[in-house]
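Trainee: Quick mapping for you: the protein sequence lines, in order, are chains A and B.
The opening position of the first sequence corresponds to residue 1 in the numbering used here, with each subsequent residue numbered one higher.
The opening position of the second sequence corresponds to residue 1 in the numbering used here, with each subsequent residue numbered one higher.
Careful, some of the hints might be misleading.
[As the list claims (entries may be wrong)] The list that follows gives simulated cross-link-like pairs (lysine-lysine, PhoX-like), each with its CA atoms no further than 20 Å apart: (1) A:Lys25 - A:Lys139; (2) A:Lys139 - A:Lys23; (3) A:Lys23 - A:Lys203; (4) B:Lys44 - A:Lys271; (5) A:Lys139 - A:Lys245; (6) A:Lys20 - A:Lys203; (7) A:Lys139 - A:Lys20; (8) A:Lys203 - A:Lys230; (9) B:Lys44 - A:Lys313; (10) A:Lys320 - A:Lys286; (11) B:Lys6 - B:Lys26; (12) A:Lys215 - B:Lys6; (13) A:Lys355 - A:Lys286; (14) B:Lys39 - A:Lys313; (15) A:Lys326 - B:Lys44; (16) A:Lys271 - A:Lys313; (17) B:Lys59 - B:Lys26; (18) B:Lys39 - B:Lys59; (19) A:Lys240 - A:Lys139; (20) B:Lys4 - A:Lys230; (21) A:Lys230 - B:Lys59; (22) A:Lys203 - A:Lys215; (23) A:Lys245 - A:Lys105; (24) B:Lys6 - A:Lys230; (25) B:Lys6 - B:Lys39; (26) B:Lys59 - A:Lys233; (27) A:Lys25 - A:Lys203; (28) A:Lys25 - A:Lys84; (29) B:Lys39 - A:Lys271.
Everything labelled a hint here was simulated from the structure, so no lab data went into it.
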Amino acid sequence: MSRYHRHIVLDEIGQAGQDKISKAKVLVVGAGGLGCPALQYLTAAGIGTIGIIDFDTVEESNLQRQILFGTSSIGINKAIAATKRLEDLNPTINSIAYPEKLTPKNALSLFEDYDIIVDGTDNFSARYLINDAAILTNKPVVYGAIYKFEGQVSVFNYQNGPSYRCLFATPPKEGSVPNCSEIGVLGVLPGIIGTMQANEVLKMVLGFDTVLSGKLFCFNAMTSETITLKIAKSVAEIEKVRSLKEQFSNQSFASYCKFPVAEISVEEAIKLGNNQFIDVRELGEKPTIELPNCIQIPLHTLEHELAQIDSEKNKMLFCKTGIRSKTAVEILQKHNQHNCYSLIGGAETILAHQKLELK
Amino acid sequence: MNLKIKYFGVLAEITNCSEETIAYTKGSVSDVLMLLFEKYPTLKETDFQVAQDLEIVSKDTLLLESEIALLPPFSGG
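Next comes chain A alone, as it looks inside the complex:
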């Protein structure tokens, strides 16, 4: 068949290799920024059976990077829209759409039907679910993840190699990594990382001994720098997952969308230095606080006054008692401001500290 001629003429692949590709069954979880390019190359390469699971629908803001979709796909389920495009790209393969969410209830039986799982999801709960289900069904996972201009790729659970939990044992503290809000991403980055995931799939299918197992590849699209880190296997982490097999389908892989709020005392804040103090009380609330580098933005107007926030400084937010200031920290973090703190004890404590200093 002339479709795969450029594969077959490679000594490393040949007709025998192409036959392996056409017998392979690959499940791609998430047809988004990573899933789209991976699916495109896997389909073009002739992977015999490709499953696509995604519950989401195509939005206009996806089109900047999710290259299987066009304007006419907006509003359509991603798994279904992707299958339509892929059937045209390569009608000789079998592509199956699952327009649903991957859950602890359906993951194990779905994974059983495939040889390799591609993780193209965009949140930690899905990533830990995929990792654990892959351990229980003994399937390798091609992991890819991105953050702004940076990407990571690895192959987990391959030929007794390490799993995602050997690298990051547990999901991060609730919300410590901004994954749920739209933080922005350079469109071409998931293209690069997703394509590398397709590359790892093909290497496994073809039996190459150069699979990215036990290694984490990191790429920076801004600097074009790459770095590959070695990951050791943690038998204990993998056994822990195996031991929970019976409870697996009832487990909750909760989401991790909330940011923790860092609190700081007045003394620590002053010691830290380089501060911008932000009074989030209503205008006229007592006691009046006079501090250098202090501005007043009542809490309810904070989202409209972000231009006043100095991103280079440590933001010390305070109110009367330290409750509204916690909400204020959450608001600033939602707008990707780092180094934001809620001052413990609020305005009264600042006043007490100032009096003490004057004595």
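On the provided structure of chain A, position chain B as indicated by the hints.
Mentor: Quick look at chain B alone, frame taken from chain A:
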């Protein structure tokens, strides 16, 4: 001795730099993290792994004159 530290992802935003060199006497990964937590209190609230000379290491690993990397988990896709 000098320790070169590389920061990835959100850590580079917290520290405001992608790499820096710090003077360091000797000790384990935990010891150098204590220094960094003092310098960047927000780091303490953040999850990350540490690699020494391109290898992910545990917190009690002794640090040599080397390059270390602080790597947070990414979830985007």
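Trainee: Confirm or reject each hint.
Mentor: Taking the hints in turn, this is what the structure says about them:
Distance restraint check for Lys25 of chain A and Lys139 of chain A: the Cα-Cα separation of roughly 11 Å lies within the 20 Å cut-off, and the hinted pair is therefore satisfied. In summary, the hint linking Lys139 of chain A to Lys23 of chain A is supported, as the alpha carbons are separated by about 16 Å, within the 20 Å threshold. Using a Cα cut-off of 20 Å, the hinted pair Lys23 of chain A and Lys203 of chain A holds, with the two alpha carbons roughly 14 Å apart. About 17 Å separates the Cα atoms of Lys44 of chain B and Lys271 of chain A, which keeps this hinted pair within 20 Å; it holds.
Between Lys139 of chain A and Lys245 of chain A, the direct Cα distance comes to roughly 15 Å. Compliance with the 20 Å bound is thereby established for this hinted pair. For the hint linking Lys20 of chain A to Lys203 of chain A, the alpha-carbon distance of about 11 Å falls within 20 Å, and the restraint holds. The suggested pairing of Lys139 of chain A with Lys20 of chain A holds, with an alpha-carbon distance near 17 Å, which does not exceed 20 Å. Between Lys203 of chain A and Lys230 of chain A the alpha-carbon distance is near 19 Å, which keeps this suggested pair within the 20 Å criterion.
Under the criterion of a C-alpha separation no larger than 20 Å, the hint pairing Lys44 of chain B with Lys313 of chain A is consistent with the structure, at around 18 Å. The suggested pairing of Lys320 of chain A with Lys286 of chain A holds, with an alpha-carbon distance near 8 Å, which does not exceed 20 Å. The suggested pairing of Lys6 of chain B with Lys26 of chain B holds, with an alpha-carbon distance near 18 Å, which does not exceed 20 Å. The hinted pair formed by Lys215 of chain A and Lys6 of chain B meets the criterion: a straight-line CA distance of about 18 Å does not exceed 20 Å.
Between Lys355 of chain A and Lys286 of chain A, the direct Cα distance comes to roughly 16 Å. Compliance with the 20 Å bound is thereby established for this hinted pair. Restraint check for Lys39 of chain B and Lys313 of chain A: satisfied, since their Cα atoms lie roughly 14 Å apart, inside the 20 Å limit. Our distance criterion of 20 Å between C-alpha atoms is met by Lys326 of chain A and Lys44 of chain B, whose separation comes to about 18 Å. Under the criterion of a C-alpha separation no larger than 20 Å, the hint pairing Lys271 of chain A with Lys313 of chain A is consistent with the structure, at around 14 Å.
With a C-alpha separation of about 14 Å, the suggested pair Lys59 of chain B and Lys26 of chain B falls inside the 20 Å cut-off, and the hint holds. Of the supplied pair hints, the one linking Lys39 of chain B and Lys59 of chain B holds, its CA atoms being roughly 18 Å apart against a limit of 20 Å. Our distance criterion of 20 Å between C-alpha atoms is met by Lys240 of chain A and Lys139 of chain A, whose separation comes to about 17 Å. Simply put, Lys4 of chain B and Lys230 of chain A have alpha-carbon atoms about 18 Å apart, close enough for the 20 Å limit, and the pair holds.
With a C-alpha separation of about 16 Å, the suggested pair Lys230 of chain A and Lys59 of chain B falls inside the 20 Å cut-off, and the hint holds. Distance restraint check for Lys203 of chain A and Lys215 of chain A: the Cα-Cα separation of roughly 15 Å lies within the 20 Å cut-off, and the hinted pair is therefore satisfied. A C-alpha spacing of about 12 Å is found between Lys245 of chain A and Lys105 of chain A, which places the hinted pair at or below 20 Å, so the restraint holds. Distance restraint check for Lys6 of chain B and Lys230 of chain A: the Cα-Cα separation of roughly 16 Å lies within the 20 Å cut-off, and the hinted pair is therefore satisfied.
In summary, the hint linking Lys6 of chain B to Lys39 of chain B is supported, as the alpha carbons are separated by about 15 Å, within the 20 Å threshold. Proposed proximity of Lys59 of chain B and Lys233 of chain A is supported: the alpha carbons are some 16 Å apart, at most 20 Å. Restraint check for Lys25 of chain A and Lys203 of chain A: satisfied, since their Cα atoms lie roughly 14 Å apart, inside the 20 Å limit. Between Lys25 of chain A and Lys84 of chain A the CA atoms are separated by roughly 18 Å; this keeps the pair inside 20 Å, and the hint holds.
A hinted pair counts as satisfied when its Cα atoms are at most 20 Å apart, and Lys39 of chain B with Lys271 of chain A qualifies at roughly 11 Å.
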